[in-house]
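Novice: Let the hints inform the model, and build the full structure from the sequences given.
Here the sequence shown is numbered in full-length UniProt numbering, starting from 1 and rising by one per residue.
No wet-lab data here; the hints were simulated from the structure.
All of these numbers come straight from a predicted model, not from anything done at the bench.
The reader is advised that the hints may include incorrect statements.
Claimed, not checked - Each computed DSS-like pair below joins lysine-lysine, with the alpha-carbon atoms no more than 25 angstroms apart:
#, residue 1, residue 2
1, Lys28, Lys18
2, Lys48, Lys18
3, Lys31, Lys12
4, Lys12, Lys28
5, Lys28, Lys11
6, Lys28, Lys48
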Amino acid sequence: MATHVSCPTCKKSTVYSKENPYRPFCSKRCKLIDLGEWASEGHRIAGKPADEELLSGDLPGNQDQSRE
1 MATHVSCPTC KKSTVYSKEN PYRPFCSKRC KLIDLGEWAS EGHRIAGKPA DEELLSGDLP
61 GNQDQSRE
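Specialist: Have a look at this one:
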């Protein structure tokens, strides 16, 4: 018996099996919509904010050598 799940994007019932290359999504379109949400930070993993110092370009060894 095939397992059916709701597509995370459109909520349509879809078969969750190796025959569905987009699982758990129902289609390539829904999979790409989800990827776009992650890329635009619409989806996030909860946690502590990143350390701003680690994100800045001012860390030692991170200078552009061509500006010297």
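Novice: Each hint: holds or not?
Specialist: Now the hints, each set against the structure:
no., hint, verdict
1, Lys28 / Lys18, "holds, 15 angstroms"
2, Lys48 / Lys18, "violated, 36 angstroms"
3, Lys31 / Lys12, "holds, 13 angstroms"
4, Lys12 / Lys28, "holds, 13 angstroms"
5, Lys28 / Lys11, "holds, 14 angstroms"
6, Lys28 / Lys48, "violated, 32 angstroms"
Hint compliance for this structure: hints 2 and 6 are broken, all remaining hints hold.
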